[in-house]
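A.B. asks: Between the sequences and the hints, there should be enough to build the whole structure, so can you do that?
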Amino acid sequence: MRILLNLSVFALLVFVIARVAMAETQPAATQRIVSVGGALTEIVYALNADKQLVGVDTTSQYPATATKLPQVGYQRQLSAEGVLSLQPNVIVLTEEAGPPAVLEQIKSAGIKIVTLPAEHSADGVVKKIQGVADTIGKTAEGEAMVLEFKRKLAATQQALPQTNKPNIVFLLNVGNGSPMAAGRNTAANAMIGLAGGNNAFGDTHDGYKPVSSEAMIAANPDIIMLTKDTLETLGGIDKAIAIPGVSLTTAGKTKHIVTMDSLYMLGFGPRLPEAVQELAQLLHKGQ
Amino acid sequence: MLMESRARLTLLLLTGLLLIVFVLSLGIGAVAIPPLEVLGILAQQLGLPVASTFDPGHVSVLLDIRAPRVVLGIMVGAGLAITGATVQGLFRNPLADPGLIGVSSGAALAAVMVIVLGATWLQGISTLLGHYTLPIAAFIGSLGVTMLVYRLANIHGRTDIATMLLAGIAINALMGAATGLLTYAANDAQLRTLTFWSMGSLGNATWAQVLSAAPLLLLPIMALPFFAHALNAILLGEAEAGHLGFNLERIKRVLIVLVALVVGTAVALTGVIGFVGLVVPHLLRLALGPDHRFLLPASALLGSSLLLAADLLARTLVAPAELPIGIITAVIGGPFFLWLLSRYRTRSF
Chain B
38 MRILLNLSVF ALLVFVIARV AMAETQPAAT QRIVSVGGAL TEIVYALNAD KQLVGVDTTS
98 QYPATATKLP QVGYQRQLSA EGVLSLQPNV IVLTEEAGPP AVLEQIKSAG IKIVTLPAEH
158 SADGVVKKIQ GVADTIGKTA EGEAMVLEFK RKLAATQQAL PQTNKPNIVF LLNVGNGSPM
218 AAGRNTAANA MIGLAGGNNA FGDTHDGYKP VSSEAMIAAN PDIIMLTKDT LETLGGIDKA
278 IAIPGVSLTT AGKTKHIVTM DSLYMLGFGP RLPEAVQELA QLLHKGQ
Chain G
1017 MLMESRARLT LLLLTGLLLI VFVLSLGIGA VAIPPLEVLG ILAQQLGLPV ASTFDPGHVS
1077 VLLDIRAPRV VLGIMVGAGL AITGATVQGL FRNPLADPGL IGVSSGAALA AVMVIVLGAT
1137 WLQGISTLLG HYTLPIAAFI GSLGVTMLVY RLANIHGRTD IATMLLAGIA INALMGAATG
1197 LLTYAANDAQ LRTLTFWSMG SLGNATWAQV LSAAPLLLLP IMALPFFAHA LNAILLGEAE
1257 AGHLGFNLER IKRVLIVLVA LVVGTAVALT GVIGFVGLVV PHLLRLALGP DHRFLLPASA
1317 LLGSSLLLAA DLLARTLVAP AELPIGIITA VIGGPFFLWL LSRYRTRSF
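Chains as they are written, first to last, in our numbering: chain B, 38 to 324; chain G, 1017 to 1365.
Since the hints were made in silico from the structure, they are not lab data. Source: prediction; values computed, not measured. Warning: the hint list may mix true and false statements.
[Claimed, not checked] Computed cross-link-like contacts, EDC-like style, restricted to lysine to aspartate or glutamate with a CA-CA straight-line distance of at most 16 Å: (1) B:K246 <-> G:D1204; (2) B:K149 <-> B:D171; (3) B:K292 <-> B:E315; (4) B:K187 <-> B:E311; (5) B:K144 <-> G:D1080; (6) B:K265 <-> B:E315.
C.D. replies: Encoded structure:
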């Protein structure tokens, strides 16, 4: 009888310990996440859930360790079988991901798809953080991250100089024909606004459109903004100033070219407050 | 006689090639499924008594993702190649491809309209048709533009093939301009979608889509070989074909409709996959001669094999990502074609 009692107490103990241990490890052990979109991948890392990541897309360039994971391709051109080969049980993506038919195939294979907004706004980032946090079962951590994010961004906004706003042109795809300038509804336009600048082409067109030399001169930006990659491809600041039209603008005459990493500046991820602050400093230097 | 037995042997070899590529395509993919399991799952589907049970994930990948893709590849590959051979015969021009009579540019314009205007002006249609908007629009576009080109070339009830070529060139230029205008209006996201669409992919294949498109592809593909004699006669010249008793007007009309059906459906389902339609018939003409009785079925077989092989590479080379198939068809077809050209340089069309 005694032995039986001892045994059952022992069994109970083992059971309790196992349950506690399971409760600790289970979510981490069972969740296999594919993250499609640079900002979402950053959030997964920021929430310390990167162990659950089994794959990312090619836009996930930060942190550098993310690029070591299997890549499921460009976010708009996913492959159903490729994604399934990583055996995920959930895939987080933004509205930009596709093609729709492939997403349907993935869904019909029983994989949960969490779609988050791709808005270029602080609100969009908050939604992304909340969405990712809920997906990986870290809602509380997500809320804390959102609060911290909002606090930092508000602080940045308050520190913005209240003097006149510099006139800015953001250029994409420079070097092949007319340079493409960011207009309304672009990440660059939103960033310029957040950092206290005025997008010179903010009222003329939607998205990225080629602009002529004359339009560039008429816009007369104080500052030209480029991504680091664009400047590298161009071959330096002197080449950037030599872009038709630019040399006759204030930015060209003062050689005022500002560059930032493309995912950092245009990704609208959790590092947005830092990016805004850095950009604001670059834009308002000397003011 | 010698040529005929050689042609029959080639047809047999091509069938064998297609079978091999078919089996490889079903067996290989980003998700590794052991060959025995592939056989087992297929046998089970065919109702054979199979003892073991299979990983449900593998079953789903094989049957719902890989199999419809392979079937679509066979149909589209056969369709592009056989219509390529038909149009080259019809126009008596080895450089002709279905694109010349407006099929591709019409499909492209309609597709670009859906991609660029789908969220704004055409929103009603987009919500009504859902994911089928793009294929349906591309199909209507290709058929509409082909009919337009045909009408323009139809003078006093007679279709002049040379006029049709010229009308095709003019209409293609117009369609290209309209596509360019929409491309200009497109935003960054739409541009990227457009770029991928124009490089083609079999990745969207689902059974529902494949089965609904099957009659539009298979019936014309099976009908085209019946026009082999007429196409052979046209090779002698239109007047000569008429003297031989062929009702050329009707034959041209029917052939153009069949070609537009096949290419329109193919472009709608997969985007633009170049090269197959132009080069497969050439390859076979070099090897078999210009007799359409062999050229048409052989084109269908080789087209299927080439597209399946290209798709196999497209989805495995960079797995878990995927390459656009148009890149692969050009990369494997191009050098092979050049090699053949240099070998058979002396023989002409």
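A.B. asks: Hint by hint, say whether it matches the structure.
C.D. replies: Evaluated hints:
no.	hint	verdict
1	B:K246 <-> G:D1204	holds (9 Å)
2	B:K149 <-> B:D171	holds (13 Å)
3	B:K292 <-> B:E315	violated (19 Å)
4	B:K187 <-> B:E311	holds (12 Å)
5	B:K144 <-> G:D1080	holds (12 Å)
6	B:K265 <-> B:E315	holds (14 Å)
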